[in-house]
Amino acid sequence: MTGNVVVGRPGPRVDAADQVTGRTTFAGDIDRSGMLIGGLLESSQAHARILSVDTSAAEALPGVRAVLTGADLPVPYGILPVSQDEHALAVDKVRYVGEPVAAVAAVDADSVEEALSRIVVEYEPLDAVATIEEALASGTRIHGEGEGDNVHRRAALEFGDVGSGFDAAHLVREDVYFFGGNTHAALEQHAAVASAGLDGRVTLWSSTQVPHYLHRTLEKVLEMPAGRIRVIAAPVGGGFGGKTDPFSHEIVAAKLAMVTGRPVKIVLSRQQVFYAHRGRHPVLMWVKTGFDPEGRITAMHFKSFLDGGAYGSYGAASLLYTGSLQTSTYRIPNYKFEGVRVFTNKPPCGPKRGHGTPQPRFALECQLDEAAADLGLDPVTIRRRNLVEPFSMTVNHLRITSCGIEECLDRAVEASDFSAKHGNLPEGKGIGLAAGAYLSGAGLPIYWNDMPQSEVEIKVDRGGGVTVFSMATDVGQGSTSVLATIVAEVLGLEPSDLAMVTADTDLTPVDLGSYSSRVTFMAGNAAKEAAEGIRDRVIAAVADELGLSADVVVVAGGRVGSANDEDKTLSWADAVRAAIVRGGSLTGSGSYRAPDLAGPYRGSGVGISPAYSYSVAVVEVDCDSETGEVRVAKVWLAHDIGRALNPLLVEGQMEGGVYMGLGEALFEEQAFRHTLHRGPSLLDYKLPTFLEMPPVQSILVETDDPEGPFGAKEVGQGPLLPVIPALANAVHDALGVRVAEVPITPDKVVAAQRDIKRGGDGRFGPRSVPDYDFGRLTRVDPPGEF
Amino acid sequence: MRLPAFGYLEPSTVEDAVELLAINPGAEIIAGGTDLIPNMKRRQISPSTVIALGTIDGMSGIQVDDDGGVTIGALTLLHDLAASSEVPAALASAAAEIGSPQIRNVATVGGNLCLDTRCGFINQTESWRLASGLCLKADGDVCWVAPKGEECVAVSSSDLAPVTVALDAEVGLVGPDGSRTLAASDLYRSDGIDHLGKSADEIVTALTVPPRPRWRTGYRKLRRRGTIDFPILGVAVAVEVADDGRVKDARIVLGAIAPAPMRMRQAEEALVGSRLDAEAIERAAELAAKPVRPYDNVDLGSRYRKWMAPVFITRALQDLR
Ligand SMILES: Cc1cc2nc3c(=O)[nH]c(=O)nc-3n(C[C@H](O)[C@H](O)[C@H](O)COP(=O)(O)OP(=O)(O)OC[C@H]3O[C@@H](n4cnc5c(N)ncnc54)[C@H](O)[C@@H]3O)c2cc1C
Chain A
72 MTGNVVVGRP GPRVDAADQV TGRTTFAGDI DRSGMLIGGL LESSQAHARI LSVDTSAAEA
132 LPGVRAVLTG ADLPVPYGIL PVSQDEHALA VDKVRYVGEP VAAVAAVDAD SVEEALSRIV
192 VEYEPLDAVA TIEEALASGT RIHGEGEGDN VHRRAALEFG DVGSGFDAAH LVREDVYFFG
252 GNTHAALEQH AAVASAGLDG RVTLWSSTQV PHYLHRTLEK VLEMPAGRIR VIAAPVGGGF
312 GGKTDPFSHE IVAAKLAMVT GRPVKIVLSR QQVFYAHRGR HPVLMWVKTG FDPEGRITAM
372 HFKSFLDGGA YGSYGAASLL YTGSLQTSTY RIPNYKFEGV RVFTNKPPCG PKRGHGTPQP
432 RFALECQLDE AAADLGLDPV TIRRRNLVEP FSMTVNHLRI TSCGIEECLD RAVEASDFSA
492 KHGNLPEGKG IGLAAGAYLS GAGLPIYWND MPQSEVEIKV DRGGGVTVFS MATDVGQGST
552 SVLATIVAEV LGLEPSDLAM VTADTDLTPV DLGSYSSRVT FMAGNAAKEA AEGIRDRVIA
612 AVADELGLSA DVVVVAGGRV GSANDEDKTL SWADAVRAAI VRGGSLTGSG SYRAPDLAGP
672 YRGSGVGISP AYSYSVAVVE VDCDSETGEV RVAKVWLAHD IGRALNPLLV EGQMEGGVYM
732 GLGEALFEEQ AFRHTLHRGP SLLDYKLPTF LEMPPVQSIL VETDDPEGPF GAKEVGQGPL
792 LPVIPALANA VHDALGVRVA EVPITPDKVV AAQRDIKRGG DGRFGPRSVP DYDFGRLTRV
852 DPPGEF
Chain B
2 MRLPAFGYLE PSTVEDAVEL LAINPGAEII AGGTDLIPNM KRRQISPSTV IALGTIDGMS
62 GIQVDDDGGV TIGALTLLHD LAASSEVPAA LASAAAEIGS PQIRNVATVG GNLCLDTRCG
122 FINQTESWRL ASGLCLKADG DVCWVAPKGE ECVAVSSSDL APVTVALDAE VGLVGPDGSR
182 TLAASDLYRS DGIDHLGKSA DEIVTALTVP PRPRWRTGYR KLRRRGTIDF PILGVAVAVE
242 VADDGRVKDA RIVLGAIAPA PMRMRQAEEA LVGSRLDAEA IERAAELAAK PVRPYDNVDL
302 GSRYRKWMAP VFITRALQDL R
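Just so you know, the protein sequences line up as chains A and B, in that order.
If you count the first sequence from 1, you need to add 71 to reach the numbering used here.
If you count the second sequence from 1, you need to add 1 to reach the numbering used here.
Everything hinted at is true.
Capping the alpha-carbon separation at 30 Å, the derived lysine-lysine pairs in DSS-like fashion look like this:
| # | chain 1 | residue 1 | chain 2 | residue 2 |
| --- | --- | --- | --- | --- |
| 1 | B | Lys149 | A | Lys819 |
| 2 | B | Lys307 | A | Lys500 |
| 3 | B | Lys307 | A | Lys828 |
| 4 | B | Lys307 | A | Lys819 |
| 5 | B | Lys149 | B | Lys199 |
| 6 | B | Lys291 | A | Lys819 |
| 7 | B | Lys291 | A | Lys828 |
Since the hints were derived computationally from the structure, they do not count as laboratory data.
In isolation and in its complexed conformation, chain A is listed as follows:
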């Protein structure tokens, strides 16, 4: 791309200064006159029938203005239309410790605490289910939802013919891996403020990634017309997928505001954030892969078992995501996926950065290294021999367009000197490599509809001021800045010239939300279209005004007119007025809807995307062979971003992905003692600190995606994916142990080393998976072009 001014220029986010100087008003900072404080009572039981809830002592407390129980909010909801299995406050039963059972609004936080402690809930405890194995074996059914017993969903798909693929293989490996669950741990605890007017309208400010879906949920649960409900996503202090479901506290705040007639604020405690969860599913995986003598994959059979926690959430999609993207990086000619998601009496799992794909990515990339060793190949060669081609189809009908995986591999390997180091570093030091790919937006919306996935409107003021309206929600990833960059580029302005109005259901046209790395691609395309409409009108007006032909008129540097004759230009403001004189109100709109990419089978909606980003990570470690401690020396990360709209923001996302990936690989775990969270606090949940964060070298690979705005693709999630297996592979290179389980904590490393000393194979992790019938297999022919 040539001639871009703003696009491609590194710069801070448009909201950066306010954020880092504490001026940003997060939901928890909102203070309205007469505002009450709300709070939620957590279930003390993992699984129990609610026999009674006595709120009288709480209601009698001075200062208390309202108490709610499940009976006040009887309508079920859930993010996916197929999983309407949640209630804002538990009805009849509780299914995990921490599930909200009752709510209070009072004049201050102390009264809320006191009132909550006075609510008496009588439970009849039931047997609780804690693990995948227990869920599959247990006779106790914790849910009326799902496919029976404690099974939420199953899937069984075969593309091509794995049987013949394995028959043709020279090497067949079967390995078991386990990915422990972890959570988003965003700095900002979830918060919501609601107010209800006498006009029958309700407004909710929330730290949400999905104001549109929250709006729909409130419409359903509050049984009110959508037009009377206004949802505003306040600036979000980190989401990572943890604020992508509609939550109890959001619905409860709205209801309490309606009941009391006063604004109500609820801020979840850190413990409640751990309980609200929706984080990474623990996934047990069995992978059978066949290779020819050169290391080319002949077939893969992948089984995954997901521990879903107590509710559906995004689980039906999460399940399919554990099977859909294996084919996006490597050509797998025959592929079979079987998966099951079970319910357990723990906080519900959902989408976290990479949604359902980091777990299989970990398994796949570890197994590739293991197969390479069996075949006498190095990790680079085995990958190189299997890379997908740009502009190709995968066996499971994913359409691949721009694809920079090879350049990512080359550049990461070169920058890190991988080939010289791998296998050759002194004892305790090691280097590992892995690749990954991720969607630039899910191809389909969450609820079935034919409307655009993103709409953007632009209004231009007579003074030349440009206001961009979009429901795209900045959750820290910088989406507002990205949209500003795109509009500014098209209009020849600076991002800081624009007024950005975002994430407000009264003011902004729909964008589905900040999930599946969709905003740059989808809202970006919509913004570009809207801006181009404005630009074209302004150009036509200026051409007319100055007597130029429209095709020589350009917008640049805040002026509109001839590119080579300064006298034949107008200032942006004059140009705008000329356009308003000629055509009236200067407003424009744009929208984006992904092409129809679904394959010919049920479940093909998960995994499709208008474009995929690619990444390759190299991780170098320095292990303490006695303590099992893994210190990360450096990470090199190459990422195919399509086109970096703002390289500084891209690098920020990449470094954030490395941070989160290393945290998951080494430290973080949503750990339980049976069904009870081991330590729902930031002291017990081990996030890496500054001291654990290594230097990162980010390598931006640009492939100019034909459908992305200015060629751009995603960077929010993809870069995390390869970091985790690259770390695991580095530990193997350093110590010869295969920790086939995440997180790779020092106790596991030492246990694996002790195993080697006792003559074992140095593998740590589960060795088998339950014998399970995944149901009727759907056989799908590979696409014609495959």
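Given chain A, work out where chain B with the ligand should sit, using these hints.
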């Protein structure tokens, strides 16, 4: 999390503080508050009154005594202890590894010595503990770590505690009956609930480290991350090496394994008379690690901490060579 309601008093002398403590049953002392406040928020304790020491003059500072020993005021900040070159190496390095810089800027030496014992079942919010079932240490009658046991096995998690024992240090106490000194080894009791060997109405005024010019001291700490985390194993060592290069006297004290620091006398004795060579260190480490039986009640569980005991003891002793 909210603090429970409590009365707050600011005495200006130690004697006043002692008196206020005596006349306010259920009162607690607060120094830096980095242990007390979280514990109160979690309702592990809900003192009726909190008596602050911060307003008392003369209780902080590090002073070299006439005999070459060092007296460290109870209100001395951990930051200052960590930065001090007057104190034995083990004490400064242990202080430097406590919590995070922010914590060391408010936390005190006295508070660290009196730090409450810790356990995964107790350092939790009240609602968590109600879900788990209350335990021996706060309002319950079961120990969830050792359900058959009758004693609380919460872990001594102070980094300074094992060091003070290894240094044969003493604490100065002031109580209703006047002042006295107590050997650091007697300050700790192997009981997760009643873990201090001083009486509740006594205030620690200072830590005194005897002069030991010929001793080499060191501390090694096991924890998950490079900062913030409490020790899950602490090894304090002190060795006196004679002119002939042989060990004349030794201390090996383990922290964060049991409700009190554990002095490993057998291993100490094994070191005496030998050179600090690899062989002697290995033997001592083996002996010292043998009785280590951690419970699964802090981070990383019991098996790993047991494995790490000889490694950390070895490293701590090697540091002294
Ligand atoms: C995130 C975090 C990490 C931490 N990490 C560590 C760690 O790595 N290692 C570690 O050892 N500690 C750690 N701590 C605990 C604590 O910060 C330190 O132990 C600190 O030194 C306590 O001192 P303080 O002055 O804040 O004590 P306070 O909280 O004021 O008091 C602690 C206890 O001692 C009593 N007390 C205080 N002073 C006296 C006195 N002079 N006489 C009698 N009783 C007294 C109090 O009544 C209270 O029971 C950590 C704490 C937090 C919150």
